Amino acid sequence: MLRFIIRRLLITIPTIFVVITITWGLIRLAPGNFYSGEKTIPPAIEKNIREKYGLDKPWYQQYGRTIWNIVRHLDFGTSLKYEGQSVNSIIARSLPVSATVGILAYLLALIVGIVAGSIAALKPNSKRDYASMALAMLGISIPNFVLGPILVLIFSLTLYWLPPSRWNGFPSRNVILPVLTLSGLYMAYIARLTRAGMLEVLRSDYIRTARAKGLTEMQVVIRHALRGGLMPVVSYTGPALAFLVTGTVVVERIFVLPGLGSYFIQASLNRDEPLILGIVAFVAITLLLMNLLVDIAYAYLDPRIRY
Amino acid sequence: MSQLFLKQLIGGMAIASMVFGATSCRVTATTGDFYGNTTPPRQNILRYVNGDEPESLDPPISTGQPEARIYMALYQGLVDYDPKTLNAIPALAERWDINNDSSEFVFHLRRNAVWSNGDPITAHDFVYSIRRGLSPELASKNAYLAYYITYAEAYDRKAVFARDPQTKQFVLEQDVADSAAAAPVALSQKPLDPAATEYKPTTEEPKPDPDTPFHQLMHSPPRLTLPGDETARNKLLAKNAKLQAAVKDKEFVPVSAEDIGVEAVDDYTVRISLSQSAAYFLGLLGHQLFRLAPRKIIEQYGEQWTKPEHIVTCGPFKLKAWLPYSEVVVERDPLYWDAANVHLDEIHFFVSADNPTSLNLYKVGEADAVLNHAVPNAWLRVVRPKKDYMDGAEAAIAFININVTKPPMNDLRVRRAFNMAIDKINYAKSRLITKPLSAFTPEGIFVGYPQPKGEGFDPEQARKLLGEAGFSVTKQADGSFQCKAFPVGEVELIFNTNSSNKSMAEFMQAQWKQNLGITVPLRSMESKTYLSARSKLEYKGFAIGLWSADYMDPFTFLGLFSTPDGSNGSGWYDLKYVDMLNEANRMLDQKQRYDLLAKAEKFMLENQPVIPIETFAVNWLKKPYVKGMYPNAGSLYAWKFVYIERDPAKWDYAVPSLAD
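Protein sequences, first through last, are from chains S and W. Under numbering that gives the first Met the number 0, the final residue of the first sequence carries the number 306; numbering is consecutive throughout. Under numbering that gives the first Met the number 0, the final residue of the second sequence carries the number 659; numbering is consecutive throughout.
Hint data in this document are derived by calculation from the structure and do not stem from the laboratory. From a predicted model like this one, the values you see are computed outputs, not experimental measurements. Any given hint could be a false lead.
[Unchecked claim] Quick list of in silico lysine-lysine cross-link-like pairs, DSSO-like style, CA-CA up to 27 Å:
#	chain 1	residue 1	chain 2	residue 2
1	W	K167	W	K83
2	W	K167	S	K38
3	W	K234	S	K51
4	S	K38	W	K83
5	S	K51	W	K83
6	W	K157	S	K38
[Stated by the list, open to error] Some chain W residues near chain S, calculated using beta-carbon distances under 8 Å:
#	residue
7	K140
8	S351
9	K362
10	V363
11	S534
For glycine and all other residues, C-beta sits at the position ideal for the given N, C-alpha and C.
Isolated chain S (complex conformation) (with noise of 0.2 Å):
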């Protein structure tokens, strides 16, 4: 397990530097800079503005600086659009934003998730079976950018309970509507992968064994079926949480959150090189680290899995 463990961390060392090279190499192929606007520069400040980010050197000096203030110092420099913030600083402060939000979502979403797909999979084709999967289905229909939306009109606009938008830190009133919103396919998507794990599942000749030892239904379905289920729960959810930790776009814009998903999207219409690449490497790490959290999960919930 732990040589396990050891060679997929060094595997994802070199994976990251490809994504960092690949990264650096379309922002390159994109038209268009960082300092163009809508009232273009005249050429003798474009000059300068290029001498000044080192833009006039050759290609290959770019890259070896990049690559070597990466290497050196984990140093991935300075924004071009917001003078003088480094990435590591833009990274480090958006990150606990947009993970306070990712993880209650994830949270609120496996709980409600679980439950309703358990419960739904224990008597299938019932009346609650029927309610929480045309739940489901709705959940998954409605994309965040209408329910966010929908959410503010009911409890911001009409009932003035909650802000619409905007960070007041954790804990506040803020929180609520941007953490349902994100929630809410992720926990529909949970419910119905719980369902049918649990429907394979219960039907499996183990599940019998253990009810024919006289074991509770509750015991079965908690200890037995439950760890069996959440296979597919468990596969889907990795990658998800590494994705809400790191920012969602179109949550963090219709409720202005400085998360790190915000400054993802801007980075990438601003062509903030070391921005954008600094935020890329750290989603990729983030996502290998997940996915290696998921096979680890693997072997804990299914004891056929060894590695």
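Take the given structure of chain S and dock chain W to it, following the hints.
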């Protein structure tokens, strides 16, 4: 990947705002005269939705409006913008003198102005700030605004003077000029003549013209400047034998910050020398490029000086907190020279890049005012009748660039035809708040400017012109038109992806189809891709363009076509036009100057490098209890005059008047 993603995102936003727009209409229809809640905040705090995240708090750096509005709270220049007209009003300078041909300005600074750390503000601070703003190392995108200051452009472009190594004599412009084409010399560059008064006589002290060695230097014939880059310089010299002979055996000296025509005559007097007359220059000095930055702090902390723990400012407010992507909070600076007349205790500049989100904050009463253009077009019918909606003319225009370097659009007749085939009056009607435009300066902004009229809507004449150019338009049996000869593959209309550009492009496409029988393909592009294609002229046919005033003068629009670099997006450049503009700017009489500028504008319109479309209108909301904030043409607000009125009898129940 990012482009596809962006499309989805924007699509999503559009759907969201539709759903939102449709439903929120029903809610607001019953809430009365104002859009949402009108309870004033308990404290003297203004919460303003300011748009995008500010790039920087360093005044010369940013070009955007959100930053400009924050700079207006934090920093001061010699002059500031009038809250209604945006004309120059005294700020750090109590008063000023302008010489007889508007080529030299002397500012007398107030003696009680201090930085937020208590240090006195002196003339040296201004000189430092402008030298810094123009330095090639800082690479400010705004630097071009100061290019009329003597040697400012040369310094920013890293140019060099040529000097004789033995005699230390500089080569002068007049040594190499074609004597025939010599332009009249500005007073600021003529040798000082003690007999002639350069300034109008004044009884006020101090007098505007104390002499200094630097003043003498400015008042001498301008030196020749050459490109600092050797390859560029040699290329230029190779083309001009006279020039080559003049700089033979000379040494090249870089133009330095100290050469720029800005001088601290004493601790409280600043003198600015321009390389030519420019009457509008005073109105420009409120711009952030000319606002003061603290030398001591910048030299100590470098790029990090704007961090909340280091920053020192000079405006009516100082920085209290900066929460990136959330808000910038400024508080009243008790040390500000006019602190007694600053009404607000704090201003919170909220970040929000999404219009429906901004309006929601406003509606529930979590914001007291929103930025210009925050009301989406689809919401106007609901929001515009409200008494807190701010209507007013804006110094900004929309137009279509024509790439005049490629056929068939290099033919003036074709360009004119495409212009005359558009019914701009009907287009403006569909946009509800904008005005149709036939010229290149905005309608109704510059009082007394005799704006010329471009050619109007005339489909008949348009078809005739196309026919003359070899693309005859024929009428079909069903009454529609067809133009078979026109190479449709050689044109397209490109625009930056957003819903208002898209509806504009579709309108133009429909007009050309209906009136000329030509279907111009549309191409929506991601913002930076589009800007790159437009500035490099890598497009065929047409590209949508927007322009807003840097300062309140027609020249901020007309000057766009005065550079040869193709940076105007159409590739049109005519030396005759540049000469006309320069001649106008040398005029001392405002009316004469305006007449000549209008003549130049007419000339430009006749060459049709662009198709003017509309003059924008400001389009925002403020609560009735927010007073002292006016829908001025530049959407720049002098925050020190803004206050919260708690007595409903004194609230604004209509758009506050811009007339004094």
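Against the structure, the hints:
For the suggested pair K167 of chain W and K83 of chain W, the alpha carbons sit about 51 Å apart, so the restraint of at most 27 Å is broken. At most 27 Å may separate the alpha-carbon atoms for a hinted pair to count; K167 of chain W and K38 of chain S exceed this at roughly 41 Å. With a C-alpha separation of about 25 Å, the suggested pair K234 of chain W and K51 of chain S falls inside the 27 Å cut-off, and the hint holds. The suggested pairing of K38 of chain S with K83 of chain W holds, with an alpha-carbon distance near 25 Å, which does not exceed 27 Å.
At most 27 Å may separate the alpha-carbon atoms for a hinted pair to count; K51 of chain S and K83 of chain W exceed this at roughly 38 Å. Taken as a hint, the K157 of chain W and K38 of chain S pair is honoured in the structure, with Cα atoms around 22 Å apart against an allowance of 27 Å. This hint holds: K140 of chain W has a C-beta 5 Å from the nearest C-beta of chain S, less than the 8 Å allowed. Taking 8 Å as the C-beta cut-off, the interface hint given for S351 of chain W holds, the closest approach to chain S being about 5 Å.
For K362 of chain W, the shortest C-beta to C-beta distance to chain S is roughly 6 Å, which falls under 8 Å, so the interface hint holds. A hinted interface residue such as V363 of chain W counts as satisfied when its beta carbon comes closer than 8 Å to some beta carbon of chain S; here the least separation is about 6 Å, so the hint holds. Here the hint on S534 of chain W is kept, as its CB sits about 5 Å from the closest CB of chain S, short of 8 Å.
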